[in-house]
Amino acid sequence: DQQVKQNSPSLSVQEGRISILNCDYTNSMFDYFLWYKKYPAEGPTFLISISSIKDKNEDGRFTVFLNKSAKHLSLHIVPSQPGDSAVYFCAASSNTGNQFYFGTGTSLTVIP
Amino acid sequence: DVKVTQSSRYLVKRTGEKVFLECVQDMDHENMFWYRQDPGLGLRLIYFSYDVKMKEKGDIPEGYSVSREKKERFSLILESASTNQTSMYLCASSLGHLNTEAFFGQGTRLTVV
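These protein sequence lines map, in sequence, to chains A and B. Using this note's numbering, read the first sequence as starting at 1 and increasing by one per residue. Using this note's numbering, read the second sequence as starting at 1 and increasing by one per residue.
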């Protein structure tokens, strides 16, 4: 059973606009959340994370928002750039285990 | 910089062959992971290891085994390769303590013919 879900397989956005990628989770024990970016034929690279004690974390153009009551997180990219075109995975972990649970990914295309 | 290195970028193997995928990390991480990535299915955990000689099954361990004889090296073994094991295989490592990210290797694209 998928504990981390990304319900949008793809997203297209104009260059300069905001990209919003969404992620839902079911396990209330998750307390650490991450976003990864993946280009074809490469391994995922870590983008940004957030602990469950926060509701927002920002790093340059990337901001992650966490809504614990809704078990929902989102990644905002502002402004979007063509180089942001990639597959984005959200992931979660808990303090009771060593595993990371990944979503199925959202393919972002930023149109110049 | 953390470096996770997978021994091959591309591999082509025949059905029934025994296949070894090697992964080495250089940051003294306790945890190491093997995932496979397939379209529409995301990253699925095959096995992980939290210490030398320790291993735990992930979500899809069938048809695979692993070996961790040294802290820096984690090997994935396909005992008898089958065409449904054609996939992108990703190795990752992380520190043993909580709330830390995993670092990934560049991936191995395995094709079983």
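I should point out that these hints are in silico values taken from the structure, not numbers from a laboratory. Accuracy of the hints is not assured; some may be wrong.
[Said to hold, decoys possible] Taking lysine-lysine pairs in the DSSO-like style, the calculated list, with each CA pair at most 27 Å apart, reads:
hint, chain 1, residue 1, chain 2, residue 2
1, A, 37, B, 53
2, B, 55, B, 13
3, B, 57, A, 5
4, B, 71, B, 3
5, B, 18, A, 37
Hint check results:
no. : hint           : in the structure
1   : A:37 with B:53 : 31 Å, violated
2   : B:55 with B:13 : 26 Å, holds
3   : B:57 with A:5  : 21 Å, holds
4   : B:71 with B:3  : 14 Å, holds
5   : B:18 with A:37 : 32 Å, violated
Comparing the model with each numbered hint stated earlier shows that hints 1, 5 do not hold.
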